[in-house]
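Residue numbers (the numbering used here), protein chains in the order written: chain Y, 1 to 161; chain Z, 1 to 434.
No wet-lab data here; the hints were simulated from the structure.
Treat the hints loosely; a few may be bogus.
Claimed, not checked - Going by beta-carbon spacing under 7 Å, a handful of chain Z positions derived as facing chain Y: (1) Leu10; (2) Lys112; (3) Val141.
Said to hold, decoys possible - From the derived model, a few chain Y residues whose C-beta atoms are all more than 10 Å from chain Z: (4) Ala16; (5) Ala17; (6) Leu20; (7) Asp23; (8) Glu41; (9) Asp46; (10) Ala59; (11) Thr76; (12) Leu85; (13) Asp92; (14) Arg105; (15) Thr113; (16) Asp116; (17) Thr117; (18) Gly131.
Said to hold, decoys possible - Reference listing, derived: stretches of chain Z covered by chain Y, where coverage requires no fewer than 3 residues with Cβ under 8 Å from a Cβ of chain Y: (19) 59 to 66; (20) 223 to 233; (21) 348 to 362.
Just so it is clear, the structure is predicted and the values come from calculations on it, not from any experiment.
The beta-carbon is built from N, C-alpha and C at its ideal position, and this holds for glycine as well.
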Amino acid sequence: MTVRDLQKLEELSAAAALGLWADDIVVALYSATQGALGESERHLLDSAAQLLELARERATHPLAPPRSARDLAATTTALSALATLAEAQQTDPPAALAEMADAIRKAATGSLTPADTALVDRVIDLFELVGSHQLVTSNSVLSSRKDVEPWTEMQPISNSS
Amino acid sequence: MDGDAADLELLVANTTQEVSLLRADRRLEGMDGSRGEALRQHVVDLLDALDLRIAAAPDSSAPDAVRRAFARTLRQCTIVLRGAHAALPWLAATREPNVNLGSLYLTEEFAKALVGDDVDLVVVPSAEAMYSTTSWPFSAVIDGTPGFTPSATSRPIVLNYPLSDSNRVLLHALFAHELGHAGVAEHELLDTVETSLYADGEFVEAFAEAVTEMQEEWPASTAGRVTVTLREILGGWLEELLCDHLATQVVGPAFLFAFAAFVLPLSYGEPGVVHPPTSLRVRLILDHLAHLGWTEHLDATAPGITQWLNEVANWTPPETQPHFAFFRNQLLSHSQLLSDNAATRVGPLTLDPTTAVDEAGEAAELLEALILPVGLSTPLSPRAILLGGWQAAISQHGDTATGLVHSIAGDQLHDLVGKAAELTTVWQAWGPSR
Chain Y
1 MTVRDLQKLE
11 ELSAAAALGL
21 WADDIVVALY
31 SATQGALGES
41 ERHLLDSAAQ
51 LLELARERAT
61 HPLAPPRSAR
71 DLAATTTALS
81 ALATLAEAQQ
91 TDPPAALAEM
101 ADAIRKAATG
111 SLTPADTALV
121 DRVIDLFELV
131 GSHQLVTSNS
141 VLSSRKDVEP
151 WTEMQPISNS
161 S
Chain Z
1 MDGDAADLEL
11 LVANTTQEVS
21 LLRADRRLEG
31 MDGSRGEALR
41 QHVVDLLDAL
51 DLRIAAAPDS
61 SAPDAVRRAF
71 ARTLRQCTIV
81 LRGAHAALPW
91 LAATREPNVN
101 LGSLYLTEEF
111 AKALVGDDVD
121 LVVVPSAEAM
131 YSTTSWPFSA
141 VIDGTPGFTP
151 SATSRPIVLN
161 YPLSDSNRVL
171 LHALFAHELG
181 HAGVAEHELL
191 DTVETSLYAD
201 GEFVEAFAEA
211 VTEMQEEWPA
221 STAGRVTVTL
231 REILGGWLEE
241 LLCDHLATQV
251 VGPAFLFAFA
261 AFVLPLSYGE
271 PGVVHPPTSL
281 RVRLILDHLA
291 HLGWTEHLDA
301 TAPGITQWLN
311 EVANWTPPET
321 QPHFAFFRNQ
331 LLSHSQLLSD
341 NAATRVGPLT
351 LDPTTAVDEA
361 GEAAELLEAL
371 ILPVGLSTPL
381 SPRAILLGGW
391 QAAISQHGDT
401 ATGLVHSIAG
411 DQLHDLVGKA
421 AELTTVWQAW
431 GPSR
């Protein structure tokens with residue numbers, strides 16, 4: 001009624017699911033580089049590309065809300081992770097997101113070339129960071145703590161507005 | 001090192017053992033009846049999905065990134081497994097129900113109206129003195145497991161209530177709000193409302209203004225971050241208000257009385273991150289009751305309480321927090337969206353004042369004479385009995401805030417309401433007309 005403590009389990013499940021998904025992407029990208037991509041992995045990569053495209057949309061137009069709460073959570077985490085990487089790599093976030101989404105699409109269709117190796121490694125770094133962030137989040141939900149800034153210390157993305 | 005051979009050995013051993021321990025728990029054994037079976041199957045689905053993940057260990061030639069990903073996967077599995085232990089006492093509770101049986105039948109009627117027929121209700125007391133709910137608690141993890149198809153098809157819903165309220169049947173109108181959350185999820189009502197809202201040009205313009213205003217309040221934040229924060233708060237408020245509307249649609253004034261008696265002692269006009277101010281909720285519940293045609297009944301049976309609640313509803317918060325003012329103004333001007341969605345969802349199962357008022361009046365008269373209010377000529381509907389219970393309680397304890405509080409104390413009247421709801425449900429299910 002006023003405290004939805006039971007919904008903590010749903011929160012836990014959602015946080016874990018996003019982390020599991022990010023780590024599944026890491027494995028699927030590796031499979032793609034080995035030319036051993038399965039059908040379910042292909043779907044995963046499609047969903048990863050879609051997420052980065054949504055995140056790019058939000059980075060470009062911050063007032064355009066995503067369609068669902070899940071998209072909102074996932075793009076927020078992806079944008080934060082990317083901001084951390086972008087700060088380290090001095091790249092432009094929307095451009096980097098578009099480039100990464102393209103690389104994932106190529107991985108999903110089996111059309112990666114040796115020239116894409118460095119970019120795929122950056123995509124793997126991004127999803128590893130999302131997976132690490134979600135592990136901290138899940139632990140916080142489980143122990144009912146709300147760590148304001150997890151140790152991964154992501155920075156908010158700067159945008160074009 | 002994270003993800004090295006020793007780390008993965010530890011993690012595989014640990015998660016395998018955790019899954020085995022849960023599988024071996026006697027509370028996860030098959031049920032005698034159907035109650036709790038969907039929840040049990042949901043937990044089994046979780047264990048099967050996690051088994052699939054444990055079996056996907058990378059070989060020793062996999063690169064570090066893949067091994068680290070697998071290590072994180074198993075740690076996430078462990079966290080979810082620890083959360084899954086919470087479901088075991090709920091399964092045990094289905095074998096020894098604690099809540100009043102009439103109340104359980106009433107709740108099943110609410111669930112049918114709000115969620116649908118294919119529902120498995122588990123109603124359990126909570127250590128915390130609160131009402132709350134969860135439904136498909138592990139579906140995000142189960143559905144996100146590549147290559148896994150779950151077996152559970154009925155929606156498992158767990159309802160928590162304060163142990164002290166086991167026999168306070170009049171308060172159990174609040175279950176309708178909790179079941180509203182399952183209804184919102186099952187029928188994607190929040191998405192429907194948000195889609196309409198964000199398609200409204202005036203709302204979008206006001207939202208953009210609120211973001212600009214809030215950026216001045218929070219100079220360290222970006223427009224993107226402010227947008228996310230406002231949207232998350234608004235989403236939470238909309239869901240709560242939708243649940244209030246759904247409960248009002250199904251239970252009528254009984255929800256208003258139960259809500260006021262339980263929530264007003266906790267909060268008045270303070271805005272929360274998840275919950276709107278109570279005063280705003282009272283405003284919208286009263287408006288929705290008026291929309292449904294209950295005003296005359298409220299004025300006739302509880303004019304004092306109705307006047308007091310209208311004063312609560314008309315309270316305006318000081319304009320110290322502009323984003324809350326934005327939410328309040330927008331929600332008040334778009335309340336029709338909430339009313340319409342509640343009406344569409346509940347449809348013919350709405351508690352209709354044109355029939356329920358007479359039935360509730362008959363129940364109230366019988367209760368005042370301490371007669372079991374099952375109906376003199378035909379069985380009364382359980383929801384009308386609940387409303388009649390409130391009428392009789394207010395008549396007995398007084399049409400005031402104090403009378404409202406004393407109405408929920410839990411006494412003979414609650415027992416009679418619960419027993420009558422139980423008997424009329426059985427009558428309707430097994431009576432001579434069948």
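A quick look at each hint next to the structure:
| no. | hint | in the structure |
| --- | --- | --- |
| 1 | Leu10 | violated (16 Å) |
| 2 | Lys112 | violated (21 Å) |
| 3 | Val141 | holds (5 Å) |
| 4 | Ala16 | violated (5 Å) |
| 5 | Ala17 | violated (4 Å) |
| 6 | Leu20 | violated (5 Å) |
| 7 | Asp23 | violated (4 Å) |
| 8 | Glu41 | violated (7 Å) |
| 9 | Asp46 | holds (12 Å) |
| 10 | Ala59 | violated (7 Å) |
| 11 | Thr76 | violated (6 Å) |
| 12 | Leu85 | holds (14 Å) |
| 13 | Asp92 | holds (15 Å) |
| 14 | Arg105 | holds (19 Å) |
| 15 | Thr113 | holds (19 Å) |
| 16 | Asp116 | holds (16 Å) |
| 17 | Thr117 | holds (12 Å) |
| 18 | Gly131 | violated (5 Å) |
| 19 | 59 to 66 | holds (count 4) |
| 20 | 223 to 233 | holds (count 7) |
| 21 | 348 to 362 | violated (count 0) |
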